[in-house]
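2 protein chains.
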Amino acid sequence: MESLAASFSASTTTILNSSSKLHHHPPRRFRFLSLSLPIFHKFKTCHKFSSKFPNHLNLLIVRSSSSSSITAKPSPEFQKKGGSDRKEEDNKLRALRELFTKPGVNVDAYIIPSQDAHQSEFIAECYMRRAYISGFTGSAGTAVVTKDKAALWTDGRYFLRAEKQLNSSWVLMRAGNLGVPTPSEWLNTVLAPGCRIGIDPFLFSSDAAKEFKEDISKGNHELVLLYDFNLVDEIWKESRPTPPKEPIRLHDLKYAGVDVSSKLSSLRSELRHAGASAIVISMLDEIAWLLNLRGNDVSHSPVMYAYLVVEIDGAKLFVDDTKVTPEVMEHLRNAGIELRAYESILSEIESLAAKGANLWLDTSSVNAAILNAYESACYKYPWKSATKSRRKKTVNLDSDGQSGGPCAVYRSSPVSLRKAVKNDAELEGMRNCHLRDAAALAQFWAWLEDEIQRDVILTEVEVADKLLEFRSHQDGFLDTSFDTISGSGANGAIIHYKPEPDSCSIVDEKELFLLDSGGQYIDGTTDITRTVHFGEPSARERECFTRVLQGHIALDQAVFPENTPGFVLDAFARSSLWKVGLDYRHGTGHGVGAALNVHEGPHSISFRFGNMTPLLRGMIVSNEPGYYEDHQFGIRIENLLYVKEVDTPNRFGGIGYLGFEKLTFVPIQTKLVDISLLSVADVEWLNSYHLQVWEKVSPLLDGSARQWLWNNTRPLTKL
Amino acid sequence: MESLAASFSASTTTILNSSSKLHHHPPRRFRFLSLSLPIFHKFKTCHKFSSKFPNHLNLLIVRSSSSSSITAKPSPEFQKKGGSDRKEEDNKLRALRELFTKPGVNVDAYIIPSQDAHQSEFIAECYMRRAYISGFTGSAGTAVVTKDKAALWTDGRYFLRAEKQLNSSWVLMRAGNLGVPTPSEWLNTVLAPGCRIGIDPFLFSSDAAKEFKEDISKGNHELVLLYDFNLVDEIWKESRPTPPKEPIRLHDLKYAGVDVSSKLSSLRSELRHAGASAIVISMLDEIAWLLNLRGNDVSHSPVMYAYLVVEIDGAKLFVDDTKVTPEVMEHLRNAGIELRAYESILSEIESLAAKGANLWLDTSSVNAAILNAYESACYKYPWKSATKSRRKKTVNLDSDGQSGGPCAVYRSSPVSLRKAVKNDAELEGMRNCHLRDAAALAQFWAWLEDEIQRDVILTEVEVADKLLEFRSHQDGFLDTSFDTISGSGANGAIIHYKPEPDSCSIVDEKELFLLDSGGQYIDGTTDITRTVHFGEPSARERECFTRVLQGHIALDQAVFPENTPGFVLDAFARSSLWKVGLDYRHGTGHGVGAALNVHEGPHSISFRFGNMTPLLRGMIVSNEPGYYEDHQFGIRIENLLYVKEVDTPNRFGGIGYLGFEKLTFVPIQTKLVDISLLSVADVEWLNSYHLQVWEKVSPLLDGSARQWLWNNTRPLTKL
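These protein sequence lines are chains B and H, in that order. Going by the numbering used here, the first sequence opens with residue 233, and the numbers climb by one from there. Going by the numbering used here, the second sequence opens with residue 233, and the numbers climb by one from there.
Keep in mind that a hint or two might mislead.
For identical chains, the list gives no copy identity; a pair is met inside one copy or between any two copies.
Subject to a maximum C-alpha distance of 25 Å in a straight line, what follows is the list of computed DSS-like cross-link-like pairs (lysine-lysine) [unchecked claim]: (1) K950 x K477; (2) K445 x K495; (3) K469 x K742; (4) K876 x K894; (5) K876 x K811.
Hints were generated in silico from the structure; no laboratory data involved.
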């Protein structure tokens with residue numbers, strides 16, 4: 233089995249954002265599993281806040297040669313080289329700096345972030361510019377190059393890798409360490425006042441660019457938006473991978489539940505209500521959801537690179553038309569959607585401004601190129617004096633209606649919340665694919681237990697490969713939903729652990745083994761973590777596991793009034809750990825798309841109490857408390873849940889009370905449970921869950937996997 | 233026994249604030265037991281947020297003729313008359329309106345709020361202007377008088393009383409009801425544009441005045457600050473009670489723990505650190521705490537009317553000097569504090585501005601008269617051009633240091649947090665007075681059970697009177713810490729219930745009885761609620777009681793990392809109720825002063841997640857979940873706790889883990905417990921608590937009270 237690592241999944245928050253101003257300005261899309269303490273987090277805006285997608289899921293993808301249904305992407309060419317070709321690196325920097333003085337560029341420094349133009353969690357190889365220029369292949373990092381210096385910021389997960397991969401031309405900036413400046417602070421120090429600092433405005437969200445601009449203004453520097461070309465692409469040239477050309481497919485109505493016309497109609501109502509006449513949608517999962525389309529442009533997320541402009545009376549999809557099959561073309565035509573070239577988005581924005589459109593822009597996701605194009609164009613046209621003063625977060629059209637020229641509506645995307653609240657068909661698909669996923673996991677665990685009993689030596693990578701093989705045999709399997717985290721012993725304590733084939737550990741009977749994985753299926757998306765021991769766990773491991781399990785149970789069983797934001801429930805998942813002075817440094821739950829991104833907002837369950845989005849019926853959320861003992865072991869127990877109305881005997885306040893229903897049905901290893909710590913109710917929960925697991929999953933199994941499921945769903949008795 | 237009601241305890245938030253903009257601008261001092269739902273609350277600033285003091289504690293004060301130690305205040309004269317003298321009311325309005333056209337006044341409307349000049353929870357009679365002018369005696373309300381209209385805003389607690397007490401000249405505005413305008417909205421409707429609306433600037437916090445000014449500017453009206461006299465006082469004349477003249481006393485160092493010089497020295501460090509050279513403190517409990525003094529000017533709170541100005545090199549107390557005994561004078565002199573007349577505060581502010589002082593002002597508590605005097609004076613002096621631009625929330629002195637003239641520091645008072653974190657002596661006093669208070673309560677409950685068994689007819693008021701009698705026999709008892717809430721049956725469901733002698737219910741063996749009361753002692757302050765049944769409670773009552781108890785236990789046992797804000801713990805107290813669709817519409821915990829105000833900030837435990845103040849070692853907080861079934865019964869179980877370090881076996885993150893220690897030791901009625909709902913751990917908590925109650929309180933008791941304590945501390949057994 234070949235291991236094909238695609239490790240460049242982009243952080244949707246630049247290091248610029250996440251490290252520099254964490255206390256004051258948590259990035260819109262927060263780091264789900266960051267290393268900062270819960271209590272240091274402050275508020276930001278409420279409904280704009282959307283969950284940041286974890287990077288704890290970047291591991292490996294393997295292509296099983298025995299299965300044709302696996303679509304994991306091949307490793308980028310430069311990754312294979314690692315940081316070995318140090319001479320080449322220097323040449324890249326030299327070439328980049330030569331461009332600084334080119335006419336139309338004229339900059340003193342250039343920033344190369346990890347992102348693509350859509351704030352995607354997983355990005356196509358051709359957009360992995362930061363990795364190309366620096367040689368550093370971690371998923372999060374920002375490169376900053378001046379005329380005589382080059383620095384790379386990354387966080388604690390990647391310090392070791394960056395040390396290995398960066399050559400001597402680069403300075404490693406260990407973001408989060410005491411005294412380490414942010415990129416803007418560093419630039420304000422190393423540059424003489426009055427410099428020009430260039431960025432590719434497509435690669436910064438409008439908010440991030442604005443914040444960066446303000447920060448470097450303290451050093452009297454100017455932010456230069458270089459629209460015409462990306463400087464890294466200029467030197468990458470022929471060796472740059474081509475943008476993905478994979479065909480787009482229809483997402484069947486039986487899985488989507490609502491047709492495109494209805495979705496567009498709802499969206500247009502929201503536009504009218506907000507006083508907007510058009511919206512630019514740039515988040516790839518929002519486009520895929522809205523159009524009932526799925527793509528294949530990046531690993532793990534079934535999306536395609538595109539922008540979508542929806543006006544009151546029309547819609548345009550900006551996409552490489554070679555990806556558009558006749559069937560998709562027909563589908564789009566039926567929904568009244570025209571095709572445009574991906575690259576023509578800016579001219580469309582200018583046209584919208586020219587005709588006076590009130591454009592709805594989510595400045596936390598729409599890139600600075602688009603925002604700036606709109607604002608600049610508005611000034612060009614006759615109503616330019618009115619525009620600036622009429623910029624509002626919330627627009628109520630003035631009494632002069634449309635006559636005053638375009639009026640931007642800066643609000644979070646209305647698609648995000650609609651996408652998060654699943655309809656019956658989406659929930660049905662999620663339930664179904666979770667059972668098939670559970671069957672694959674049962675087969676996998678049965679196999680693994682057997683292998684280890686037979687003293688077969690298996691690495692973390694081999695184990696993950698085998699899991700993919702089992703999943704790939706399930707109907708409708710398409711891809712892993714993120715890089716599998718397969719961590720034995722001390723590696724389990726590394727929250728974002730990524731085993732490498734040549735250096736990873738053995739999975740054996742001596743240590744805890746943490747496995748966090750998920751699948752993309754035609755009808756849904758899974759994400760599950762189990763922690764197991766194949767030998768005799770220590771008392772310490774059992775106590776910690778049991779306390780994590782108690783947190784998992786407490787959250788699973790929570791009932792709460794309508795309109796409760798997720799963070800209210802977060803402490804339930806920590807309480808048992810807190811009692812003995814333990815905790816975990818990540819959130820407890822994230823949203824999950826239906827046959828879409830494994831991490832989505834806008835809701836979350838987290839100690840970051842800035843996310844005020846209430847949990848709504850039909851939302852899907854993970855329940856994944858954990859505990860990580862440095863250099864020893866890691867524990868995480870994760871199920872996916874969906875929010876449902878609970879039929880409580882009372883309805884105080886005349887409102888509904890909500891709770892959770894489980895999607896995930898895979899045994900939790902009872903060997904790791906210290907039953908003396910569990911309450912009677914906890915034991916009943918566990919037994920009831922295992923009964924459901926047996927009833928729902930055993931019909932899909934036979935042989936040793938069925939026997940394994942039986943063995944692992946036997947009830948516990950508390951005396 | 234004579235019942236002397238003092239019902240005018242001021243709401244520290246005007247109706248103006250609390251009703252008009254609750255969703256967007258929660259008032260700094262939030263309503264602890266308001267009727268708004270948790271989930272509708274939004275954030276505000278973080279550390280500035282301070283807990284609003286509940287008004288659920290306004291009931292009656294009784295003077296026991298058998299005890300000379302009781303200092304409850306007599307009822308105001310006008311209260312006795314109630315709203316009967318309707319002719320006089322009209323005369324008052326007529327007289328008030330005649331003043332509108334007086335030179336130097338010239339207003340079209342005048343606002344009369346409930347407050348005194350210090351945002352006090354309990355105010356002196358002479359400041360009960362809104363009650364005088366309107367006849368309405370509720371604790372919260374705002375009167376607005378125009379040339380031809382008069383309207384009074386109050387909230388749901390007081391609709392019935394207001395209907396009775398207001399004469400036909402007044403319109404009752406039922407704040408919170410659908411479609412009821414706020415005072416500013418109403419004024420913007422009923423007044424022609426361009427009117428002048430007058431207020432007494434002493435009676436509005438700076439923030440409230442600013443907000444009101446902005447609101448009426450939408451109607452093109454002008455806010456007129458009438459400094460020279462209060463229009464109501466002008467017509468109140470001779471019948472107006474004189475300001476309190478009660479002597480100030482020393483708060484013994486053995487209770488205060490830290491001497492005044494040390495406290496002032498710490499405060500001055502904070503001033504220097506913030507770039508301030510002086511601070512005006514106007515909150516009466518902050519002055520009392522800082523100076524180790526106690527007063528007797530209002531019911532329930534041992535404070536004196538005063539302002540305190542602390543400069544780097546001196547301090548001045550603005551107080552009626554007839555209250556200052558030679559001993560207190562000596563005490564102040566030793567701490568370097570000069571005396572000034574209470575009324576001369578504004579001229580001192582002007583002097584401070586004149587000499588270029590950088591004044592620290594907490595705009596949420598300092599009144600608009602002071603703020604405005606400072607800002608106006610700054611403009612008068614040579615540095616006037618610099619002042620405006622140098623106003624900052626946080627001041628770092630410019631490079632030109634002090635030379636640029638005064639520079640205001642607008643921040644929350646630094647005294648609030650220092651006062652909230654109790655030192656060892658304060659905690660010792662709190663522990664001691666709680667045991668004596670518990671002894672009084674044991675005597676009281678033993679007496680009451682006996683009376684009811686003997687079929688003696690007792691009203692809610694008589695029962696509260698008797699409780700005061702028992703408390704008054706305890707060493708060091710001074711006053712009730714708030715008006716006792718004595719609610720039988722359906723009255724218990726009225727969170728702010730105030731029984732009246734001529735209309736209150738009987739306490740009998742048929743219904744639940746809720747008793748929320750507290751005492752002011754020389755060494756501390758108590759606040760306790762118990763709910764009991766003297767007959768056979770229904771299954772419903774037992775289930776609800778048990779779920780409230782489970783919430784109480786869950787919060788009591790919580791362990792949490794350092795720096796956790798109280799709201800993180802709030803859901804623990806609601807979880808058991810939520811499971812069956814029940815909830816309560818008030819917060820779970822408030823701060824309590826040490827021999828000071830029964831409600832203090834800045835911390836709280838509440839569903840209002842805007843209060844980011846972490847719970848710190850030494851803070852005192854109430855634990856009082858409840859459940860209220862309209863027209864049926866009310867349940868609340870309240871202990872006071874203090875925050876302590878917990879010796880956890882681990883210290884994940886290298887930080888401390890905190891928990892609570894109980895101050896209150898009074899039995900919880902086990903008859904009301906449905907043991908089938910309790911976990912084994914819950915039962916153990918209850919038995920352990922009752923064992924502590926017996927061990928700590930029985931030595932203070934003999935006879936029937938000791939027997940009652942024994943009977944009511946027997947362990948439960950869960951089979």
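Task: 25 Å Cα threshold - placement of K811 relative to K876 - done: Cα proximity of K876 and K811: across copies only (13 Å, versus 30 Å in one copy).
- [ ] First find the shortest C-alpha distance between K876 and K894 inside one copy, then the shortest across copies, and answer within, between, both or neither for a cut-off of 25 Å.
- [x] within (10 Å within a copy, 38 Å between copies)
Open item on the list: Treating 25 Å as the Cα threshold, decide for K445 and K495: within, between, both or neither.
Closed with: neither (37 Å within a copy, 44 Å between copies)
Open item on the list: Cα distance capped at 25 Å. Does K469 pair with K742 within a copy, between copies, both, or neither?
Closed with: Neither. Shortest intra-copy (50 Å) and inter-copy (88 Å) distances fail the 25 Å Cα cut-off.
Open item on the list: Checking an output row: K950 and K477, CA cutoff 25 Å. Within, between, both or neither?
Closed with: neither (58 Å within a copy, 68 Å between copies)
Of the numbered hints listed earlier, those contradicted by the structure are 1, 2 and 3.
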